[in-house]
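Those sequence lines, one after another, are chains A and E. Numbers in my numbering are just positions in the first sequence, counted from 1, shifted up by 728. Numbers in my numbering are just positions in the second sequence, counted from 1, shifted up by 1.
Hints were generated in silico from the structure; no laboratory data involved. The beta-carbon is built from N, C-alpha and C at its ideal position, and this holds for glycine as well. Incorrect hints may have been included.
Unchecked claim - If you only want the chain A side, here are some residues facing chain E, beta carbon under 10 Å, derived: (1) R782; (2) G827; (3) V1069; (4) A1071; (5) Y1084; (6) L1089; (7) S1090; (8) N1104; (9) V1108; (10) Y1109; (11) R1110; (12) L1120; (13) G1126; (14) R1129; (15) A1137.
Take a look at the letters that make up each chain.
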Amino acid sequence: MNLERRDILKAGSALALSGLISACATPLRRPAGGRVVVVGAGWGGATAARYLRRWAPEVDVTVVEPAAAFVSCPQSNLVLSGGRSLASLTHPYARWATGHGIRLIQERVLDVDPERRRVVLASGAWLGYDRLVLSPGVDFDYAAVPGLEDEAAQALVPHAWKAGPQTAALRARLEKMPDGGVFVMTIPAAPFRCPPGPYERASLVAAYLAQHKPRAKVIVLDANPDIVSKKGLFRTAWRELYPNLIDYRPSNALLHVDANRLSVRTEFEDLRADVLNVIPPQRAGDIARRAGALREGEPWVRVNFLDYRSERVDDIHVIGDATQATPAPKSGHVANQQGKVVAAALADHFAGRDIYREPVLSNTCYSFVSNDEAFNVAAVYRVTESGTGLRLADGSSGVSRVRSAEEAALARAWATNIWSDMLG
Amino acid sequence: MKFITSLALICALASSNARADAPGSEPLTPGSRLAAGCAACHGTRGISAGGIPSLAGLEREAILQALESFASGTRPATVMHHHARGYSTAERTAIAEYFASQKVLLKPPLEALQ
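Could you put together the complete structure from these sequences and hints?
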């Protein structure tokens, strides 16, 4: 479906103008507390919706999400190593929405009309809002990966960077891989979703191979000059747990993919893989661009961190991986925290209170290096004086001293608790 | 068909879900804003779904003392020393007061997650 923006908007307004709304049993009315539409029920959007209902129960909250169930990206690398099932990462939305008085519309959003404050759905219907929260996550920039521009080629090379069928597809390819085969993965230049995620993946693929295909190898082609996150901990784990199994090649950006031959070309080499995993370069989910929230030529949305409103479009707030939130990482935990700040800011707005000047975000991010051992990075972030940036709170940032089984148990407990906090 | 779907949707949207007496609502205070950050690991309102300590209903002084000793480094931790240092003493106090005031222990709805 490749509709032009004006056609979509025309379809929506024609419907409204034809007087059909009067056919509804209940007349359209504005709720006293305001109408909020949340686009995307991932880590940011689901948290924002739930906490907005908690802190401003008089506000009408509608969530638009195409999926029937949430599937967690965090800990989905454990599906590759057999340390988790995909089912354990999956949580249906229906009961959650009913329980919190959230209206859930299982559809895709096609467009946003900021002037009339409307969201246009794939069905052609539209939703009016007073405030819009976009939590669109990332989209993949396949145009920047020569050889993977079209969908047929993409289907041959799973990214597994959004959890679900892609995760299962990559696991299935690992299972079919011959012993003595080569797993090749490519990492795009930072920033991307989940900075330590690619290195966790390399570790957990190695864990699977060490157990099931001991003669196989992992080759990691990283566009970055070094491991982006938790470098020392990953290096030690690779040396001690998987000696000679993981071949890490930094500053080795992907130039071309032959999806049929499963071969890749970089500046330095041509490689053929038995299983190829390309983590594509990323940018804000496309609805952010359609809504006009992106600056020309920039991949991520700039916001005011006091209330996450877009610097460019009125009445639109953007949270999660789609935002330019450096030094905070694009993590599920940070999106959860941003969801709470935007919920509080909207509750303040509709209640006529002043903007709250001191929101605080924390991040706790665990990485597994085997099914039984993990480590963390933790930090607290505060808003800069201008409101347009984040900064590390003094002395608040650091990583684990060592990997441990204790932290693997804590990582699993973290997942249980944060999923419950979003979707319970 | 598309037309009927659209009409049904708009009708569905006409009724409001807003209600001021919603169960699970709470006042927005400096304490509830800050403590919501902690809820990611310790559970909503400090009621853990397992594996990480619940904070709801603990004594104010006990929570505050724990946060102060994490921040000073006298109490060993895997993540809490980093978190505790990110907040001011006034903020740590507001967090302790919030959790101490959560007297009702409820079973979390997603406890069967794992």
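We went through each hint and held it up to the structure:
Interface restraint check: A/R782 against chain E, minimum CB-CB distance 6 Å, threshold 10 Å, status holds. Below 10 Å, beta-carbon pairs count as interface contacts, and A/G827 has one with chain E at about 7 Å; its hint therefore holds. Taken as an interface hint, A/V1069 checks out: its beta carbon lies about 8 Å from the nearest beta carbon of chain E, inside 10 Å. Given the 10 Å rule on beta carbons, the hint for A/A1071 holds: about 8 Å separates it from the nearest Cβ of chain E.
For the restraint placing A/Y1084 at the interface with chain E, the shortest Cβ-Cβ distance is roughly 7 Å, inside the 10 Å limit, so the hint holds. Proximity of A/L1089 to chain E holds as hinted, the smallest CB-CB distance being about 7 Å (cut-off 10 Å). Residue-level restraint check for A/S1090 holds (minimum Cβ-Cβ distance to chain E is 5 Å; threshold 10 Å). About 6 Å separates the beta-carbon of A/N1104 from the nearest beta-carbon of chain E, less than 10 Å, and the hint is met.
At a threshold of 10 Å, the smallest CB-CB gap from A/V1108 to chain E is about 2 Å, leaving the interface hint in force. About 8 Å separates the beta-carbon of A/Y1109 from the nearest beta-carbon of chain E, less than 10 Å, and the hint is met. Below 10 Å, beta-carbon pairs count as interface contacts, and A/R1110 has one with chain E at about 8 Å; its hint therefore holds. With 10 Å as the threshold, the beta carbon of A/L1120 comes within range of chain E, its nearest partner Cβ sitting at about 8 Å, so the hint holds.
For A/G1126, the suggested interface contact is upheld, since its CB lies about 5 Å from the closest CB of chain E, less than 10 Å. Look at A/R1129: its Cβ gets to within about 9 Å of chain E, closer than 10 Å, so that hint holds up. A cut of 10 Å between beta carbons decides the hint on A/A1137: the least distance to chain E is about 7 Å, and the hint holds.
Consistency note: the structure conflicts with none of the earlier hints.
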